[in-house]
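2 protein chains.
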Amino acid sequence: MNINGKHFRTIWLHEEDPKIVRIINQQALPFTFEIIDLKNLEDMRRAIKDMYLRGAGLIGAAAAYGMYLASLEAEENSFDDDMQKAAVILKNTRPTASNLAWAVDIMRSKIPGKATLAQKQEAAKNAAMEIADGDAEYCRMIGIHGLALIEKIAKKKKNETVNILTHCNAGALAFVDYGSALSPVYAAFDRGIKVHVWVDETRPRNQGASLTAWELGRHGVPHKLIPDNAGGHLMQHGMVDMVITGADRVTRRGDAANKIGTYLKALAAKENGVPFYVALPSSTFDFTMKDGVKEIPIEERDASEVRFISGKTPDGYISTVQICPDETEAANWGFDVTPARYITALITERGICNAAEKSITKLFGA
Amino acid sequence: MNINGKHFRTIWLHEEDPKIVRIINQQALPFTFEIIDLKNLEDMRRAIKDMYLRGAGLIGAAAAYGMYLASLEAEENSFDDDMQKAAVILKNTRPTASNLAWAVDIMRSKIPGKATLAQKQEAAKNAAMEIADGDAEYCRMIGIHGLALIEKIAKKKKNETVNILTHCNAGALAFVDYGSALSPVYAAFDRGIKVHVWVDETRPRNQGASLTAWELGRHGVPHKLIPDNAGGHLMQHGMVDMVITGADRVTRRGDAANKIGTYLKALAAKENGVPFYVALPSSTFDFTMKDGVKEIPIEERDASEVRFISGKTPDGYISTVQICPDETEAANWGFDVTPARYITALITERGICNAAEKSITKLFGA
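Chains as they are written, first to last, in numbering that gives the first Met the number 0: chain S, 0 to 365; chain W, 0 to 365.
Simulated from the structure, these hints should not be mistaken for laboratory data. Note that the coordinates shown come from a computational prediction; the quantities given were computed from them, not determined experimentally. There may be inaccurate statements among the hints.
Remember, identical chains collapse to one label, so a pair may be satisfied in a single copy or spanning two.
[Said to hold, decoys possible] List time: in silico DSBU-like cross-link candidates among lysine-lysine, alpha-carbon distance up to 35 Å:
1. K156 / K293
2. K269 / K357
3. K269 / K155
4. K5 / K154
Extracted from the complex, chain S is given alone in its bound form:
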């Protein structure tokens, strides 16, 4: 991720002291760019739990680094017990994040049973870095495959600006680097292709307004913030060339759960002949499920996320305002499912495939 000309990841080892893990504090964005040092398991637990970091890929890497920090605190003669406790603590921070458990389990398998404490700690460090590198590399590959799609549109438009609409934040901030939906955008921008991104604000948590707008801005990619209501009008009037979103879970037949509101954009895209792509690393597939609308559980979140909005006051403080009458109740489903028939294709680290069982299983052999 390019932040005002300097390359950053969302999580990394301290440049001078590899016993410290550093992260970008996403709670402070978009108003303050703050790097936090995490020195032990408890620091990481709090960072994940209180959403100083978020996003499927990043949560996995954070859990891995959390296990590494735990190894630094573990006692030589109770190492396995200590690590087992750390695993439980980390898995409980965000129980629905599937990458979290996946990363913790890999970490445990990569630490040798018979070795010195220092060797175990070194193995944990290397395993965590490998998981983070893997996440970044998968996202980079998604960018390369998606770039071809953008290039094709740019060519067709005779190098006029390609307008891309995205929903929520599936950018570098949701992963270790690059992002899923935004990785092709960065790849295209870096090659000099003219791109412009319509950024859905993504109510109720406004990840588009606060995170996607911020990271596109830091990288220098032209973009405009729009209300989630605007996409249909834009597509109806030819102002969107393609939609790319991320996904939280994709079934074996290609139904995609993503941030609430994604489905409405997919409908408008289909209706107006705009290609609709879902970008995801293969870890997002859930091969045990077929019918996404029926099978994927949709989290209901606290109504306060709908009733209150946070932002910066005129005097520069962060404040929360209530937008409805005191007694108004609200409902808050976190995700919706876009059936495969609305998805033009899936962009993965292995390449592009149809949102269809045959095509997905051919690419991933699952």
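Position chain W relative to chain S; hints supplied.
Here is chain W on its own, set in the frame of chain S:
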């Protein structure tokens, strides 16, 4: 409109002094219920301009009462000139509101040229009251016709709750009384039919969260606030029995311009077999237009409406917070157009008709 058990209109003559016009200050909603006294043309000009009142029907009635207030200030020997000036002032407050010019012109035609000043003022008062009564009566009739649709669904559901989704505020607050989209809901509720309304918050101006939620709450109608992103998920899972919205302009073939985001809900309704109704008094038809997507001009509003959100702070003040980075630009189209093919039917004061030229012109002979 029923406000905590007492009947109100949004605009009326002062109960003791008919030289004063009273309105509900909609700027203060939903946090404060405040009645403002308007004593002269300038008061009314400011009330319309600064959106102390808004909504097609209400703006028309307000302009009419504004002309009445102007007549009270006019000089006997420059009456026509004074009224002509007042007409220009009022028409310039919200130049795109078609009801405004319509009401002002009716007022001028209803004031006799040859009469005493007192007679002219009396004629202006009666004409303004007639316009307001007409608006309320049309909305009441929309309620009666729409009620039949809700009753039918209630019967089919064996008197289980009928779930109705609405977008923006097309309630009593947008007219003199009853509203368009909400009039059938109030009629059904008052007859004891179990109804529940999903209230789209309606970004960027949040008229759903602030006005629709408020007026439904005052009347006692069960409802829940939802992000504009939620409707697709709700319809996909059978949680919406019908959608009713208002309209800002409807063409002779039934294409409907309404608050931005309406089109996305219409797509989801069509896709999921949910009936989608547009409720409107006949003054909303624009018989000069056919193809709404091509012909209806869509107002682009100030980006600040997207970048900032107002609400109540924890200590009870009204404050505005910025939700995106300082340098982020935003785009803000106020309306979108739902093509007639997505509209199940139009609910008007004369009855229900298909969103199709034949059906519309049959009912209105235009």
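Consistency of the hints with the structure:
1. K156 / K293: between (39 Å within a copy, 22 Å between copies)
2. K269 / K357: Both: 22 Å inside a copy, 29 Å across copies.
3. K269 / K155: both (20 Å within a copy, 32 Å between copies)
4. K5 / K154: Result: close within a single copy only, 30 Å intra versus 64 Å inter.
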